[in-house]
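Got chain Z sorted already, so can you dock chain E onto it with the hints?
2 protein chains.
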Amino acid sequence: MKKLDFAKENGLIPAVIQDFETNEVYMVGYMNEESLRLTVESGIVHFWSRSKKRIWKKGESSGNILKIKEIKQDCDDDALLISVELDGAAVCHTGNKSCFFKNSFEN
Amino acid sequence: MKKLDFAKENGLIPAVIQDFETNEVYMVGYMNEESLRLTVESGIVHFWSRSKKRIWKKGESSGNILKIKEIKQDCDDDALLISVELDGAAVCHTGNKSCFFKNSFEN
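These protein sequence lines map, in sequence, to chains Z and E.
The numbering used here puts the first residue of the first sequence at 3, with every later residue one more than the last.
The numbering used here puts the first residue of the second sequence at 3, with every later residue one more than the last.
This is chain Z alone, in the form it adopts within the complex:
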């Protein structure tokens, strides 16, 4: 991994999770350095849960894990874009495939 700027957001950076084939955006999670290390080492997405205040292996209870295909970082090194293969039916705890299922506005 190239150097990342964890300082801007108190040790956390946002990670956008998208489908590696369709580019569908599934969710946004936060990673600290340890969760990113675990993600890269295991090939499976690990976040830092801001509510639980602990490392959170995505799918640890549902079994719907996210397998890493590619990680990109942005121009100023404070955000990640992670392409994944979803191993399971849904990313969202609601049962929806994506966490972004609520339409707020259309133009």
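These are computed hints drawn from the structure, not numbers from a lab.
Because the structure is a prediction, the values reported are computed rather than measured.
Any given hint might turn out to be false.
Note that identical chains are pooled: a pair holds if it fits in a single copy or bridges any two copies.
What the hints assert, rightly or not - Straight-line alpha carbon distances no greater than 30 Å define the calculated BS3-like cross-link-like pairs of lysine-lysine that follow:
| # | residue 1 | residue 2 |
| --- | --- | --- |
| 1 | LYS55 | LYS71 |
| 2 | LYS69 | LYS5 |
| 3 | LYS104 | LYS5 |
| 4 | LYS71 | LYS5 |
Structure of chain E alone, referenced to chain Z:
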């Protein structure tokens, strides 16, 4: 707009910007309530710039503005996914179309 949770991140929520046709993810920015209001009212993406500490109309200097097509919010109302039409050649200040042009890891 439905209710959003601005409290979790000190008044800011991350907004993922993607192309409305290809789903290509262009960038992640942060919005406060005022920038979101300006975004919805104008139909043009406005962020809160954490470095400049002010409202930042994306493209205000480059002219490469982002026209809103659709806004979705996630299951727990603390992130936005915004589909846009890019009016210009590039989203990134580096001249790259997307801010995510640095490959960090492949599996």
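Violated constraints from the hint list, given by number and in increasing order: none
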